[in-house]
Structures are given as structure tokens and as C-alpha cells.
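Participant: Same order as they appear, the protein sequences are chains A and B.
So for the first sequence, our numbering puts the first residue at 1; every next one is plus one.
So for the second sequence, our numbering puts the first residue at 1; every next one is plus one.
No lab work stands behind these hints: they were computed from the structure.
These numbers come from a predicted model, not from an experiment.
Among the clues, some could well be false.
[As the list claims (entries may be wrong)] Take a look, some chain A residues computed to stay more than 12 angstroms from chain B by CB distance:
#1 F30
#2 V60
#3 N324
#4 A592
[Claimed, not checked] Simulated restraints on C-beta separations:
#5 A80(A) <-> V103(B): 40 to 48 angstroms
#6 A496(A) <-> G61(B): 52 to 60 angstroms
#7 E36(B) <-> V95(A): 25 to 33 angstroms
#8 G42(A) <-> R95(B): 36 to 44 angstroms
#9 R56(B) <-> E51(A): 28 to 36 angstroms
#10 G61(B) <-> R428(A): 30 to 38 angstroms
For every residue, glycine included, the Cβ atom is placed at its ideal position computed from N, Cα and C.
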Amino acid sequence: MAGEREPMWRRYRRFLRSDIAADVDEEIAFHLEMRSREYQAGGLPAEAALEAARERFGDVGRVAGWLRRHDLERERARRAGEIMGGIRHNLRMGVRALVTQPTFTVAAVLTLALGIGATTAMFSVVYGVLLRPLPYGEPDRLVRVWTAWKTMAGRGAVSAANVRDWRAQNHVFEDVALVKTNHSFNFTVDGEPERLVGARVWASLFPILRAEPLIGRTFTEDANEIGHENVVVLSHQLWVRRFGADPSIVGKTVPLNGVPTTVVAVMKPGFRYPDRDCELWAPLTIPADEYNHRSWGSYGAVARLKPGVTLEQARADLRVVSSNLARQYKVNKEVEAGITPLLEDMVGRLEQPLFVLLGAVAALLLIGCANVTNLLLARGLSRRRELAVRTALGATRGRLVEQSITELVPLLTLGAVLGLLTAAGALRALVPLLPEDLPRAESIGINLPVLGFTMAIVIVIALLVGVWPAIDAAKGGLSAGLGELSRGSTGAPRRARVRDALVVSQIAVTLLLLVGATVLLRSFLALRAVTPGFNPAQALTVSLAIPESKYPGDAQITQFYTALIDRVQALPGVVAAGYVNRLPLGGGNQTAGLQVEDAQPDARWPNVQTRTVSPGYFRAIGIPLIEGRSFTERDGTDAPRVAIIDERLAQRFWPGASPIGRRIREGGDAWSTIVGVVGHIRHIGLDDDSDPQVYWNYPQRTQERLALVVRTPLEPAALTPSIAAAVREVDPQQPIYDARTLETVVDRSLGQRWLQTVLLAIFAGVALLLASVGAYGVIAYGVGQRTREFGVRMALGAGQRRVIGMVLRRGVTLFVLGSLAGLALSGATVRVLSTLVYAVAPNDTLSFVLATVVLFAVSMVACYVPARRASRVEPSIALRSE
Amino acid sequence: MAEDRFELLQGTLGLVVLKALLGGELHGYAIARWVETTTADVLRVEEGSLYPALRRLEDRGFITAQWGLSENNRRARYYALTAAGRRHLKAEAARWLEFSGAVTQVLRAAPSLA
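Input sequences plus hints: build the corresponding full structure.
Facilitator: In C-alpha cells, the structure reads:
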């Protein structure tokens with residue numbers, strides 16, 4: 001039996017991985033064989049001896065089974081321990097590398113922290129604004145309901161009559177609520193008036209949003225009936241701020257708009273609708289006669305789809321409902337009910353700018369990764385021998401990649417932690433700077449999904465920067481590794497190519513960011529240069545909203561505003577003062593179809609911006625009077641109705657003739673005679689020059705809400721206290737709000753554009769810095785490698801200029817390759833900026849040229865520094881240096 | 001095969017194995033044989049429990065195992081005593097002797113059985 005050799009394949013298998021079951025069998029077999037030999041020696045025949053040996057042993061199968069299980073378990077534990085030990089070892093190596101190479105560590109960690117921080121911060125904005133579900137129960141079923149005018153694009157406001165009928169006739173909504181948001185409430189506690197922003201809503205809103213109050217009960221359907229509307233639901237914030245979180249507030253009466261109003265509920269802390277500014281909700285009552293004006297309405301509407309109903313099904317049902325109504329009412333022929341998911345309605349317009357910025361920041365991260373990879377490749381040189389030896393000893397490429405990634409873990413962990421801190425800091429600094437009209441800014445933060453995102457990008461970075469150097473090192477193998485260690489070698493050309501490729505791609509991506517930033521910057525400057533048509537300098541504005549409960553009729557409203565304007569005009573430093581019901585560029589909009597007397601009967605009514613103003617308004621805001629006169633005190637309630645139009649409307653209807661004396665009206669109103677023509681201004685935004693404008697005089701078309709505009713040669717903001725005092729003299733309970741200079745109003749209207757331009761410019765700047773550091777590193781390394789060569793050349797008579805030229809030539813080659821790729825990349829992608837730019841095409845040639853020039857200048861500086869060093873080499877030292 | 005043999009008491013198998021290895025490394029069969037020879041076939045090792053007992057001693061770090069070639073040129077698993085095993089054997093042997101001495105003393109005490 002001694003001659004029996006185990007088969008080769010089993011030996012081989014054992015060499016790779018000990019064969020546990022076979023070992024157990026072999027051990028027992030050996031035992032039985034020895035015992036049976038003993039018995040055979042005692043005289044038993046072979047078969048009987050083996051039988052006796054087995055009997056002596058006991059239950060062979062059971063014992064063998066136990067041993068196998070035991071040994072397998074032990075082997076598994078051993079392997080696990082070995083793997084953990086390996087990981088621990090690699091981590092230790094990683095930490096040691098960080099400590100022993102502080103320059104490398106600082107450079108790599110800072111780059112990673114910057115990239116991870118910027119990406120995380122930007123993603124948390126994207127997540128908070130665009131992706132995070134709305135804070136209501138089952139938010140996916142919430143839709144905004146709007147009026148789709150067949151003659152006009154966009155989502156129109158809804159009328160009470162239409163919503164009432166849509167609500168009654170549809171089969172797809174669980175319920176619908178009519179809302180009037182951004183409603184002003186005047187609220188006085190202890191003689192101190194405050195203007196609160198609230199909403200008037202149908203009672204159905206709360207069940208639709210699945211909103212339960214913290215205390216009390218939200219109002220019932222009958223609160224929407226006239227006579228029952230003096231109830232209010234408070235936001236948690238208002239309850240804490242103005243009522244000291246009084247737990248017995250429900251049932252108490254508070255003075256709202258001068259009317260005793262019963263508090264019926266306080267909402268939970270997280271509840272917001274429609275946004276964070278809204279602090280209270282009161283019932284929305286509709287006077288019976290309003291239901292006769294089917295096309296008139298300035299409301300919003302929210303609905304919840306029934307479970308399982310898709311948007312398409314809902315739209316189909318609403319088409320049927322709309323066409324039924326169109327048969328019934330003539331005015332409904334132009335109208336359909338439209339729906340949009342509520343979240344999309346709130347933030348849809350932000351998708352493009354935010355994703356562009358996220359893309360920019362991701363590009364920045366890639367540029368940073370290229371730098372870290374470059375650093376690792378450079379560091380990898382010093383570890384060539386170790387890796388080469390490991391490869392020679394049979395470490396597989398996978399094993400080396402694993403080792404290289406494990407060693408990166410301490411570096412990445414540091415980078416990620418610093419990055420998260422950077423992101424938190426950036427958000428703290430950034431969020432207050434966000435434009436006020438940015439929805440859902442309050443839901444931006446570092447939360448679990450954001451952390452998950454950060455984790456994911458860290459893993460991607462680990463793969464990007466860990467795999468390449470490891471594969472690179474493993475590929476070289478023993479010969480290259482040891483060969484390169486020999487003195488005086490100029491380094492593997494292939495490795496240099498990898499690093500060059502990294503620099504070329506950095507330059508390409510940086511150019512893309514620079515082009516994008518330049519296009520936005522030029523667009524922003526073009527917008528800043530736009531003259532709005534009025535004069536924002538040296539003017540202050542203050543807003544007022546007077547409650548209808550206290551000033552129920554037009555006469556009282558006019559009386560209040562006239563009394564106030566008389567006082568304000570008398571204030572020292574006031575040159576001119578006037579009112580307008582919606583401030584230009586202030587975010588408010590009001591349009592109407594305008595009917596012109598004697599126009600062709602079938603002519604389409606032009607859509608115009610209409611505003612109610614006081615006589616002094618044009619002088620106060622600086623809109624020039626072109627023809628005729630402004631309003632005067634004589635154009636009162638009983639005087640003939642008058643109107644002022646802008647030059648654009650005059651041009652359109654009476655080209656070459658005077659419009660003075662002609663008559664116009666909004667549909668259904670009495671005719672008004674045109675008495676003057678003023679300059680055209682930009683009302684909606686500096687970038688929106690759409691509609692002509694019509695002005696009515698304030699006693700003839702009263703408004704509860706007016707913005708006061710005051711012109712002064714003094715510092716405008718300094719006038720605020722005296723204006724507040726003047727308001728208090730007229731009505732001590734009347735608050736003012738939004739006191740700002742007119743210049744601030746203009747600037748704020750550019751808020752979002754300003755922010756996206758500044759952010760993209762910052763990203764491009766950082767990218768430029770990182771890319772030039774990358775280029776510098778590669779060129780400097782190349783110079784270091786060629787010190788000896790330069791020494792020889794200079795010894796042979798090459799001048800400094802010549803050496804500088806040689807180094808720069810390499811930089812220029814990299815730059816040319818990179819910028820060609822970058823220009824192609826930009827040309828292919830700048831189209832994403834199309835909705836973000838004004839008066840500049842996204843593929844604006846000048847921007848491409850400017851960006852390329854800037855990048856060229858900076859890269860040449862980055863290359864010149866090492867080039868100069870090369871030219872200063874002392875030939876004798878250089879020749880001796882290696 | 002005599003009839004009057006004793007099974008090892010619970011817990012003493014390990015002690016006996018360690019003692020067997022005190023003289024140098026042995027494979028499983030040799031351990032069994034050593035016990036039989038030393039006690040003139042009075043103590044009998046239950047072979048079915050010998051190998052699990054060896055594994056347990058290995059797990060506790062008292063012995064190590066290694067594949068080697070047997071006297072007849074076969075692959076066999078050899079067990080060897082570790083330093084810890086040696087210490088353990090010393091302590092346990094002392095305890096056992098004290099215990100068995102005490103039991104003997106009790107059994108010999110008056111009134112005598114014989």
C-alpha cells in the first residue's frame with residue numbers, strides 16, 4: 001500500500017486549498033489500516049482484520065462527519081481572520097503613508113474634500129428642492145389644477161365657478177380645494193400692527209393635504225359660507241412667536257384685520273402650505289354673484305387624485321368635463337381644466353439650472369480626481385519595487401487592486417469627512433443667499449439620502465483613483481519595476497502618457513466649465529445693462545395691504561390712501577411719491593384682455609399688463625410722460641374714467657397718430673378715455689419684455705394692496721422710519737412691509753440668475769486652479785526627470801530660452817489637445833444652458849474665445865514655473881545629480 | 001482481548017492524550033497504542049472519541065497537528081504538544097493525582113472493606 005500515490009490532481013488541489021473532507025477520510029483510513037495490520041500480524045485474515053478494526057473504532061461514518069464539520073468551520077474562521085488581518089494591514093499601510101508623506105496627504109485630502117464637499121452641497125440643494133417628496137401624505141397623488149386657455153400658453157388662474165363645476169362633475173379627484181395664497185392679514189397685538197402672510201382656502205384643503213392639526217380641528221365646509229368665515233388656523237411658528245405656544249389658544253378670539261376671529265386649530269410644526277412664509281389659513285368665501293363671472297378668477301386650486309388614477313386618465317376625464325361645460329357656457333369654449341403634479345408645478349422651472357450646476361460640480365470632482373490619481377501615480381513610483389516583488393510572488397492583479405483601494409480608505413475617509421464638513425459649511429453660508437422665490441429652500445440639508453449620495457461618490461472615487469494606479473503598477477510587472485529602479489532611467493513612456501492623458505482631459509473639462517461660466521456671465525451682464533424703463537436709483541418702496549373688513553368700500557380705501565400720500569409728500573426729502581398696486585420686477589403680475597373702441601369688431605383683444613396707480617407714480621418711479629398728461633386729483637370717483645397707456649400700445653393701435661381721446665376698457669367695464677402716453681417698462685422681469693401696459697387711476701379702480709414709491713435725493717433707506725410714522729398717523733393699526741430701495745427690488749429680480757452665474761463662475765475658477773495644479777505637477781515631474789538632459793544641452797551651449805521653450809512646447813501640446821477636446825465637448829453640451837441665458841446664444845463665439853484665452857494664459861503660467869526652474873539648472877550639478 | 005478492561009473516565013481522555021504526546025509527536029493510532037501498551041491493555045481508548053478529543057485539544061491550543069510521513073511511508077497526521085499543552089498537562093496531572101489519592105485514602109479508611 002505504501003506504493004499507492006495520491007493522484008496529482010488532488011495534490012494540486014491541496015496545494016491551492018487544503019481539502020478538508022479528504023484529509024479527514026485519510027486520517028481515519030490510516031488509523032483503520034494500522035489497526036487491521038496489527039490484527040493481521042496476530043493471525044487474522046485481511047478481510048476479518050479490517051472488519052475487526054472498524055468494530056474497534058466505533059461508528060466510522062458519525063465520527064468522520066463530526067470531524068469534517070468541525071474542520072470546515074475552523075477553516076472558515078481562519079480564512080475570515082486572514083482576510084480581516086489583510087485589510088487591517090492595508091489600512092495600517094494607508095495610515096502610515098498619510099503620516100509619512102504630509103505634502104501628498106494635504107494636497108490629496110484637500111482636493112478630495114473640495115470635490116466631495118461641493119458635490120454634496122449641490123446635491124443636497126437638488127435633493128431638497130427637486131427630489132424630496134412634498135411633506136404631505138401620499139404626495140404623488142397631489143396635483144395643481146389650472147385653467148388652460150386655448151388662446152394662451154401657460155397655466156392660468158382658475159375661477160370659483162369653474163372649480164365648483166369641475167369639482168362636482170369629475171370622476172378622478174378625491175377632492176378639490178380652491179385657494180388664494182399670499183393673502184395679507186393685518187394683525188395687532190398690544191398695539192403693534194404686523195402684516196402676516198396667509199392664505200384663504202376651502203376647508204377641503206386640509207384633508208387633501210392629509211394635514212392633521214396639532215391641537216383643535218381645521219375648519220369644516222360650512223366655514224366657507226359667508227357669515228361663518230371668522231375662524232383661523234394658525235401655523236406652529238406663528239403660535240409660538242405671537243402666542244407663546246399658549247396651549248389653550250383654541251377657542252380664543254384674536255383681532256385679525258380688525259375683526260374678532262376665533263382660533264380653531266394650530267398646525268403641526270412641519271406643516272407648510274404653500275410655502276414657509278404662510279403663517280395662517282382662513283376660510284375662502286365666494287360671494288354668490290361671483291359664480292356668474294365664469295372667466296374671472298385669480299385663484300389657485302389643489303386636488304388629490306383618487307387612488308390608482310393616472311395623470312392621463314385624469315386629463316381624459318377633465319377633457320370630457322370641460323367640453324360639457326363649454327356646451328353649457330359660451331365663455332367656457334376657450335377653457336379647459338389642466339393638471340400638473342404639485343411638486344413639478346412648484347419646482348419644474350428649476351430643474352434645468354439645478355442640474356446644470358450639479359453637472360458642473362461633478363465635472364469639478366472629476367478634475368480633482370484626476371489630480372489625486374496623478375499624485376498617486378507619482379507616489380506609486382516610490383513603491384514600484386514592493387509592488388513588483390508582490391507581483392512576482394504571485395499576487396494577482398485583483399489582489400493588488402484590492403490592496404491599493406484598501407490603502408486609499410484612510411485618505412478617502414479623511415476627504416469624505418472634511419468634504420461633509422465643507423458641504424455643511426457651504427450650505428449654511430449659501431442657503432440664506434438663495435433667492436427668496438426659490439421654493440422649498442427650507443428642506444435643503446444634509447440628510448440620509450444626501451449621505452447615501454456622498455457614500456456613492458466616495459466609492460466611485462475609490463474605483464477611479466484606486467484602480468488605475470494599481471493596474472498600472474501591476475502591468476509593469478517585475479522587469480519594468482526593477483528596471484525602472486536602475487539609476488538614471490528616464491521612466492516608462494507609457495506611464496508618462498497616462499499622466500499626459502489625465503492633464504489633457506482636465507484641460508478639456510475645465511474649458512467646458514469656463515465656457516459655461518463665461519456664457520452665463522455675459523448673459524448676466526447683458527441683463528444688468530437692460531434699462532427697465534424706470535429709474536431705480538434714489539427711490540424707496542414700501543408695501544401696504546389694508547383690510548377690507550376695516551375699509552369695506554372704495555370711498556374708504558381712497559380716503560386712506562389719499563390721506564397717506566398727502567402726509568408722505570409733505571415729508572422732508574421726498575421729491576415725489578405715488579402708488580402702484582404691483583411693483584415692477586416685484587414678482588406680481590396682473591394681465592387682462594383689452595378692448596379698444598372703434599377697433600374692428602372681430603379683432604382679438606390684446607393681452608396687456610394693467611396697473612392701478614396714483615397721480616404721482618410716474619414721477620416717483622421715473623417713467624417718462626411722452627404725450628398728454630398724468631392723472632390728477634380731479635380724476636376722482638365721480639369724474640369721467642381715464643386711462644394712461646404705454647408707448648408700445650400707442651404704437652400698435654395708433655401708429656403715427658395720437659391716442660389721446662381714444663377709449664379703451666377691460667372686458668365688461670365702462671369705457672375709459674386715454675389722457676396720456678408714458679414710456680414702456682419691464683414689469684415681469686428684466687428678461688421679459690412681452691406685454692404693453694395700461695394704467696388706471698386709483699380712485700377709479702381701487703386696490704387694497706398698494707406699493708408706495710418715494711423718490712428722494714437722500715439715502716432712500718433712511719426714509720423708512722418717517723414713512724412708517726406717517727402710516728401710523730393715518731391708521732395706528734396698519735403695518736407696512738417689504739421696505740426696500742428700488743435698486744434692491746431690481747437686484748432681487750435677478751437673484752436666481754445672479755446665484756447660478758456666481759456658482760458656475762466659482763466652480764469654473766476652482767476647476768481652473770485644480771487643472772493648473774495638475775498641469776504644473778506633470779510638467780514639473782517631467783522637468784525633474786530631464787534635469788540631466790537639460791544639463792547636457794546647456795553644457796553644449798543651449799540657452800535658457802531654448803530650454804524654457806522646450807518645456808513650454810510640451811505644455812502647449814497638452815493644452816492644444818485638451819482645448820480641442822474641450823471645445824468639442826462644449827459645443828456638444830452648452831445647449832443645456834439655452835433656457836438660462838438672455839441675449840447671448842449658448843454657443844456664443846466670444847465666450848468660447850474668452851474661455852480658451854483665459855485657460856491658455858493660466859496653463860502657460862503653470863508650465864512656465866517649472867520651465868524656468870529647468871533653465872536655471874547648473875550643468876555641472878545636473879550632470880552629477882544622479 | 002481481555003474482558004476486564006476499563007473505559008476512560010469522562011474528561012480524562014484529554015489528559016491521557018497529552019501525556020502520550022509528552023514523549024514526542026505521534027499520530028492518532030500511535031496515541032491509542034501508547035495508552036494500551038503503557039497500561040498493559042487495562043485502559044482502553046474509545047477510538048471514536050479519540051479524534052474529536054484531539055480536535056478539541058487543538059482548538060484550545062494545547063497541541064498542534066501537521067501532516068507528515070509515517071514509519072511505513074504513508075501520509076499521517078502527527079500531533080505535538082505545545083508549551084501551553086505542557087503547562088496544562090502538568091497542572092491537570094497534579095490535580096488528578098491529588099483527587100485520586102484522596103479517593104484512595106477514603107476507600108482505605110477504617111472500617112476496611114477487606
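Participant: With reference to the structure, classify each hint as holding or not holding.
Facilitator: Checked hints:
no. : hint                                   : verdict
1   : F30                                    : violated (5 angstroms)
2   : V60                                    : violated (8 angstroms)
3   : N324                                   : holds (84 angstroms)
4   : A592                                   : holds (91 angstroms)
5   : A80(A) <-> V103(B): 40 to 48 angstroms : holds (45 angstroms)
6   : A496(A) <-> G61(B): 52 to 60 angstroms : holds (54 angstroms)
7   : E36(B) <-> V95(A): 25 to 33 angstroms  : violated (57 angstroms)
8   : G42(A) <-> R95(B): 36 to 44 angstroms  : holds (38 angstroms)
9   : R56(B) <-> E51(A): 28 to 36 angstroms  : holds (29 angstroms)
10  : G61(B) <-> R428(A): 30 to 38 angstroms : violated (56 angstroms)
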